[in-house]
Amino acid sequence: MTEDFQDIWAFLAESPLLGLTVTLVAFLIGQALWRRLGNAPLAHPVLIATALLIPFLLLTGTDYDTYFEGAQFIHFLLGPATVALAVPLFDQLPRIRELLLPITVSVVAGSLAAALSAVWVGAALGASRETLLSLAPKSVTSPIAMGIAERLGGLPSLTAGLVLITGALGCLMAPLVFRLLRIHDEAARGLALGLSAHGFGTVQAFSSSAAAGAFAGLGLGLAGLVTAFLLPVALPWLASVGG
Amino acid sequence: MLLGLTLLLGFQLLGEVIARLFGLPLPGPVIGLALLFATLIAVGRVPTGLRTAAEGLLRYLALLLIPAGVGILLHLPRLQTDAVAIAAALVVSTGVALAVTAALFQWRWLRRGRAGRAEDDGD
Numbered sequence: 001m002t003e004d005f006q007d008i009w010a011f012l013a014e015s016p017l018l019g020l021t022v023t024l025v026a027f028l029i030g031q032a033l034w035r036r037l038g039n040a041p042l043a044h045p046v047l048i049a050t051a052l053l054i055p056f057l058l059l060t061g062t063d064y065d066t067y068f069e070g071a072q073f074i075h076f077l078l079g080p081a082t083v084a085l086a087v088p089l090f091d092q093l094p095r096i097r098e099l100l101l102p103i104t105v106s107v108v109a110g111s112l113a114a115a116l117s118a119v120w121v122g123a124a125l126g127a128s129r130e131t132l133l134s135l136a137p138k139s140v141t142s143p144i145a146m147g148i149a150e151r152l153g154g155l156p157s158l159t160a161g162l163v164l165i166t167g168a169l170g171c172l173m174a175p176l177v178f179r180l181l182r183i184h185d186e187a188a189r190g191l192a193l194g195l196s197a198h199g200f201g202t203v204q205a206f207s208s209s210a211a212a213g214a215f216a217g218l219g220l221g222l223a224g225l226v227t228a229f230l231l232p233v234a235l236p237w238l239a240s241v242g243g
Numbered sequence: 001m002l003l004g005l006t007l008l009l010g011f012q013l014l015g016e017v018i019a020r021l022f023g024l025p026l027p028g029p030v031i032g033l034a035l036l037f038a039t040l041i042a043v044g045r046v047p048t049g050l051r052t053a054a055e056g057l058l059r060y061l062a063l064l065l066i067p068a069g070v071g072i073l074l075h076l077p078r079l080q081t082d083a084v085a086i087a088a089a090l091v092v093s094t095g096v097a098l099a100v101t102a103a104l105f106q107w108r109w110l111r112r113g114r115a116g117r118a119e120d121d122g123d
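Residue numbers (the working numbering), protein chains in the order written: chain A, 1 to 243; chain B, 1 to 123.
Honestly, the hints are just simulated from the structure, not real lab data. Just to be clear, a hint being listed does not mean it is correct.
Claimed, not checked - Taking beta-carbon pairs under 10 Å as the criterion, some of the chain A residues facing chain B (in silico): (1) Thr50; (2) Gly61; (3) Tyr64; (4) Ser142; (5) Leu155; (6) Ala210; (7) Ala211; (8) Phe215.
Said to hold, decoys possible - Estimated spans, in silico, between C-beta atoms of each pair: (9) Leu21(B) to Ile29(A): 38 to 48 Å; (10) Ile18(B) to Phe73(A): 23 to 33 Å; (11) Leu180(A) to Leu2(B): 26 to 36 Å; (12) Thr104(A) to Val92(B): 18 to 28 Å; (13) Val233(A) to Arg45(B): 27 to 37 Å; (14) Glu69(A) to Ile41(B): 18 to 28 Å; (15) Leu230(A) to Val84(B): 23 to 33 Å; (16) Arg97(A) to Leu74(B): 40 to 50 Å; (17) Arg129(A) to Phe22(B): 20 to 30 Å; (18) Pro47(B) to Phe5(A): 24 to 34 Å.
Computed from a predicted model, the values in this text were never measured in an experiment. Ideal placement from N, C-alpha and C gives every residue a C-beta, glycine not left out.
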């Protein structure tokens, strides 16, 4: 106990070990709380972990770059995880083949509606151009959304946060929208949840039924692909809206 | 497992190279995803090692999102400036996306085979 706490802290604050460990600890706490709260979308482990880590960094005076020195080891795996989405998508191939036309029409229309309406409303209310470009891919699963935001000239880390909020929002709004529009079909509900609320929506759909969950996974994967391919094409149009 | 992880990284690498080579406005990992999907369709099945690696990574996808999510703290001033616009954009577009997707799909699908579906499930 000869070493001063301040010296120990000075060591830890400079080492990637701290950023990595606190991220894992925050996630484990988030997971435990989420289970206890019955998998409620607002108590999603990522939201809890983020809500724990931000005050921790602010209170300890750790800047984001220092934290990221350690957290980057986790962050790096987002790339291969994005590629890995091909596997669950391939598992849905029989479904895609069977319902090719309805799935294509709904996913293309839904993905464009999600991106364009976000940019249009944001622009109408005076959001800055960078905010608009970060908003555009926010319905898509985070790894893809961040890649799109970066390519469009938005702020990937802002997009990451907006994606998480969108996920929780989609789960909260879905029952109301489905009731208003009389969407009673499990497949339609699942597809819409996966498309508009990515991983959050997929979890919620699976808790409703396996069929809804499968279509949600399909919606998540296809919306990611469709948005990544279509948004850059729609960009000139978006830019004219954003000014 | 190791072979699977190598395949995933290899497809990502290929995606990054193609994106830069052709100046595509697409994220490299998304091109890797599309290429792997096409390859799986051609091969007709998922090799066991690839499935193990892919499902292992996707099981912890939520954890992988945290470092980027925490980055929102860099944008707190921007969030305050654009708070109303961002909140309205998120709510409206999420509602629109849910409605457009679900309504189009239900309509299209039911038109093909409307064999005895309940008019309203009343939940």
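To see whether the hints hold, each was checked on the structure:
With its C-beta approaching chain B no nearer than about 4 Å, Thr50(A) sits inside the 10 Å limit, and its interface hint holds. With a cut of 10 Å, the hint placing Gly61(A) at the interface with chain B is violated, because the nearest CB-to-CB distance is about 13 Å. Contact between Tyr64(A) and chain B, as hinted, is supported at the beta carbon level, the nearest pair being about 6 Å apart and thus within 10 Å. At its closest, the beta carbon of Ser142(A) sits 5 Å from a beta carbon of chain B; the interface hint therefore holds under the 10 Å criterion.
With a least beta-carbon distance of about 6 Å to chain B, the hint placing Leu155(A) at the interface is held under the 10 Å criterion. Violation of the interface hint for Ala210(A) is found here, the shortest Cβ-Cβ separation to chain B being roughly 17 Å, above the 10 Å cut-off. Among the interface hints, the one on Ala211(A) is violated; its C-beta lies about 12 Å from the nearest C-beta in chain B, farther than the 10 Å criterion. Annotation: Phe215(A) was flagged as interfacial toward chain B, and the flag holds, the nearest CB pair being 9 Å apart, inside 10 Å.
In this structure the hint that Leu21(B) and Ile29(A) lie 38 to 48 Å apart at CB holds, the actual value being about 44 Å. Taking the beta carbon of each, Ile18(B) and Phe73(A) are about 26 Å apart, inside 23 to 33 Å as hinted. Distance hint check: the CB atoms of Leu180(A) and Leu2(B) are about 50 Å apart, inconsistent with the given range 26 to 36 Å. Between Thr104(A) and Val92(B) the beta carbons are some 25 Å apart, a value that agrees with the proposed interval 18 to 28 Å.
Take Val233(A) and Arg45(B): their Cβ atoms lie about 33 Å apart, and the range 27 to 37 Å holds. At roughly 40 Å, the beta-carbon separation of Glu69(A) and Ile41(B) lies outside the given 18 to 28 Å, and the hint is violated. Restraint check, Leu230(A) to Val84(B): a C-beta distance of roughly 28 Å satisfies the suggested window 23 to 33 Å. The supplied range of 40 to 50 Å is met by Arg97(A) and Leu74(B), whose beta-carbon atoms lie about 44 Å from each other.
Between Arg129(A) and Phe22(B) the beta carbons are some 26 Å apart, a value that agrees with the proposed interval 20 to 30 Å. At about 51 Å, the CB distance of Pro47(B) to Phe5(A) disagrees with the hint of 24 to 34 Å.
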